[in-house]
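Q: Just so we're aligned, residue 690 is where the sequence shown starts under my numbering, counting upward by one.
Don't take every hint at face value.
[Unchecked claim] Here are the simulated DSSO-like cross-link-like pairs (lysine-lysine), alpha carbons at most 30 Å apart as the crow flies:
{"#": "1", "residue 1": "LYS965", "residue 2": "LYS1065"}
{"#": "2", "residue 1": "LYS727", "residue 2": "LYS764"}
{"#": "3", "residue 1": "LYS1183", "residue 2": "LYS1065"}
{"#": "4", "residue 1": "LYS1203", "residue 2": "LYS1183"}
{"#": "5", "residue 1": "LYS764", "residue 2": "LYS748"}
{"#": "6", "residue 1": "LYS1203", "residue 2": "LYS1065"}
{"#": "7", "residue 1": "LYS748", "residue 2": "LYS834"}
{"#": "8", "residue 1": "LYS1183", "residue 2": "LYS1167"}
{"#": "9", "residue 1": "LYS1065", "residue 2": "LYS764"}
{"#": "10", "residue 1": "LYS1149", "residue 2": "LYS1183"}
{"#": "11", "residue 1": "LYS748", "residue 2": "LYS727"}
{"#": "12", "residue 1": "LYS834", "residue 2": "LYS1167"}
{"#": "13", "residue 1": "LYS1146", "residue 2": "LYS1195"}
{"#": "14", "residue 1": "LYS727", "residue 2": "LYS792"}
{"#": "15", "residue 1": "LYS1167", "residue 2": "LYS1109"}
{"#": "16", "residue 1": "LYS764", "residue 2": "LYS961"}
{"#": "17", "residue 1": "LYS1109", "residue 2": "LYS1065"}
{"#": "18", "residue 1": "LYS764", "residue 2": "LYS792"}
{"#": "19", "residue 1": "LYS1195", "residue 2": "LYS1183"}
{"#": "20", "residue 1": "LYS781", "residue 2": "LYS965"}
{"#": "21", "residue 1": "LYS764", "residue 2": "LYS834"}
{"#": "22", "residue 1": "LYS748", "residue 2": "LYS965"}
{"#": "23", "residue 1": "LYS748", "residue 2": "LYS961"}
{"#": "24", "residue 1": "LYS834", "residue 2": "LYS792"}
{"#": "25", "residue 1": "LYS1109", "residue 2": "LYS1195"}
{"#": "26", "residue 1": "LYS1101", "residue 2": "LYS1146"}
{"#": "27", "residue 1": "LYS792", "residue 2": "LYS781"}
{"#": "28", "residue 1": "LYS1180", "residue 2": "LYS1195"}
{"#": "29", "residue 1": "LYS781", "residue 2": "LYS764"}
{"#": "30", "residue 1": "LYS1203", "residue 2": "LYS1149"}
{"#": "31", "residue 1": "LYS1203", "residue 2": "LYS1167"}
{"#": "32", "residue 1": "LYS1203", "residue 2": "LYS1180"}
For the record, the hints were derived by calculation from the structure and aren't laboratory data.
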Amino acid sequence: MSRTLLAALLVISLILLGCTEQSQYFSITSFGADPDGKLLSTLSIQQAIDACHQEGGGKVVVPAGEFVTGTIILKSNVNLHLEQGARLLGSKDTADYRVDGNKHGMILAFQSSGVSISGEGEINGNGSSFHLPGRAHIGSDFVRKATRQGEDYLLPDPLPDDGPWSYDARPGMMIVFMQCEDVSIRDVSIRDSPEWTIRIADCDDVQISGISILNNLMVPNSDGIHCTTSRNVRISDCDIRAGDDAIIVTGFSTNMYLLGEVFPDTEYHLRKIGNKTGYAENIVVSSCLLQSRSAGIRVGYGSHPIRNCIFSNLVIYDSNRGIGVFSRGEGSIENILFSDITIRNRLHSGHWWGNGEPIHVSAINRNETPMAGPIKHIRFRNIIAESENGILIYGTEGSAISDIILEDVSLKISEGEYSKSYGGNFDLRPVYPLELGIFSHDIPALYSQYTRGLTIKGLKIEWGENLPEYMSHAIFCKEYLDLSISDFDGKAAKAGIRAIELDDWKNADLENIKP
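Work out the full structure: start from the sequences and follow the hints.
A: Spelled out as structure tokens, the structure:
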């Protein structure tokens, strides 16, 4: 046999071997999963995943039908694929979400690579069933007497129209990828999470595209996609509606907020898989629709630095906040771009963080120590917003906010349903001391303090009718160094006060002002 023929046969054999590996197909019904949803299918689904992993990887298929499950563990090179008409439904028994004594959610992957979820089916966390519709969830993160409304602010009885509902016990975060790499979530529909929906934690190389997350907006902490100290993450073309922040980037450590789950938390440079840098970095979010009972986009919190993120071509609607950048731990936040975003938000009733701000940037301690890390090099460009509150840039003496640019931002502020009962306050939660959690303050269209290098270019302010009495200036800046305002078009909310008020300042440059 000629060498040419041998080489050709070898190539064909390798191709066929690759096709065989790629076509490995493990249907969960072959392992006994019940498509009628009458029996718990956790063990059968796990056996299919384990078999697929042991054979080198492939596709674990969830066919059409309803399959009830507790916690399942995804493993390297396994694609969990939900066919059209397939539905994974979370068990209503919290005991079904424990592995080795630890509390989890529905799907967990730990220290895995090449792991993915795909398909046209649905993953439903059954989250509403763990909550109490008649009882309000409320925390102790503010002081009523500090608010404009005093002791009448946010009373838990009767239940506020916007919730949130309370709970006694619920499963952990619905889908968690912990210390993983080469992660993909595509096209699936995710419904009714009982807590955070997707956590991407300490991961590297993640792509999430074309998914929808539709949670019960009365369920607290049902965040959409939460990226904690992960890097090289792309999120695009998603529809997210969450009873808390929709998309989040934080510098949280491995075991922060897991509430029962415990994972090895070795030094980043010693890890063999996942994020090995300790930076939350290189994150791109684009072309998404976002609805939230808190912030559409939240960046910040945690001890690890956050840097090099882009958020663009987004629609944020019916949210308590539009965009939020928060330094509350020692980690720095820098090089963040927000561009080409429309925002329509409002004040919500109930114990939700936010007070109707379209843009919020703040650096203030969460606890007595450590000092909040720096926020610097943040850009807001081509933003169109309608809101019931103003833009807030809130630095503190020990944590000034530096090099912030707002360019071509258009904001219209109107009265809302809850302006009298909840408005006229700044909301800085979580914060130390508690008196600064929510406190009374007049509301300019843009308020800033303790900034170093703030540029406001092409800002347009419009006010609605019948505004609350606490609405004030178009721009109020205090305790700043190097302020530039140019091409401003707007006026104060009421007669008798300046459109632009500057206080405790050094180096201000105003050009082409049209009040």
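Q: It remains to establish, for every hint, whether it holds in the given structure.
A: Status of each hint after checking the structure:
{"no.": "1", "hint": "LYS965 / LYS1065", "result": "holds (24 Å)"}
{"no.": "2", "hint": "LYS727 / LYS764", "result": "holds (26 Å)"}
{"no.": "3", "hint": "LYS1183 / LYS1065", "result": "violated (33 Å)"}
{"no.": "4", "hint": "LYS1203 / LYS1183", "result": "holds (16 Å)"}
{"no.": "5", "hint": "LYS764 / LYS748", "result": "holds (11 Å)"}
{"no.": "6", "hint": "LYS1203 / LYS1065", "result": "holds (29 Å)"}
{"no.": "7", "hint": "LYS748 / LYS834", "result": "violated (57 Å)"}
{"no.": "8", "hint": "LYS1183 / LYS1167", "result": "holds (20 Å)"}
{"no.": "9", "hint": "LYS1065 / LYS764", "result": "violated (39 Å)"}
{"no.": "10", "hint": "LYS1149 / LYS1183", "result": "holds (16 Å)"}
{"no.": "11", "hint": "LYS748 / LYS727", "result": "holds (25 Å)"}
{"no.": "12", "hint": "LYS834 / LYS1167", "result": "holds (25 Å)"}
{"no.": "13", "hint": "LYS1146 / LYS1195", "result": "holds (19 Å)"}
{"no.": "14", "hint": "LYS727 / LYS792", "result": "holds (24 Å)"}
{"no.": "15", "hint": "LYS1167 / LYS1109", "result": "holds (26 Å)"}
{"no.": "16", "hint": "LYS764 / LYS961", "result": "holds (16 Å)"}
{"no.": "17", "hint": "LYS1109 / LYS1065", "result": "violated (34 Å)"}
{"no.": "18", "hint": "LYS764 / LYS792", "result": "holds (18 Å)"}
{"no.": "19", "hint": "LYS1195 / LYS1183", "result": "holds (27 Å)"}
{"no.": "20", "hint": "LYS781 / LYS965", "result": "violated (37 Å)"}
{"no.": "21", "hint": "LYS764 / LYS834", "result": "violated (51 Å)"}
{"no.": "22", "hint": "LYS748 / LYS965", "result": "holds (28 Å)"}
{"no.": "23", "hint": "LYS748 / LYS961", "result": "holds (25 Å)"}
{"no.": "24", "hint": "LYS834 / LYS792", "result": "violated (38 Å)"}
{"no.": "25", "hint": "LYS1109 / LYS1195", "result": "violated (36 Å)"}
{"no.": "26", "hint": "LYS1101 / LYS1146", "result": "holds (17 Å)"}
{"no.": "27", "hint": "LYS792 / LYS781", "result": "holds (14 Å)"}
{"no.": "28", "hint": "LYS1180 / LYS1195", "result": "holds (23 Å)"}
{"no.": "29", "hint": "LYS781 / LYS764", "result": "holds (25 Å)"}
{"no.": "30", "hint": "LYS1203 / LYS1149", "result": "holds (10 Å)"}
{"no.": "31", "hint": "LYS1203 / LYS1167", "result": "holds (21 Å)"}
{"no.": "32", "hint": "LYS1203 / LYS1180", "result": "holds (8 Å)"}
Hints 3, 7, 9, 17, 20, 21, 24 and 25 from the list above are not met by this structure, while the remaining hints are.
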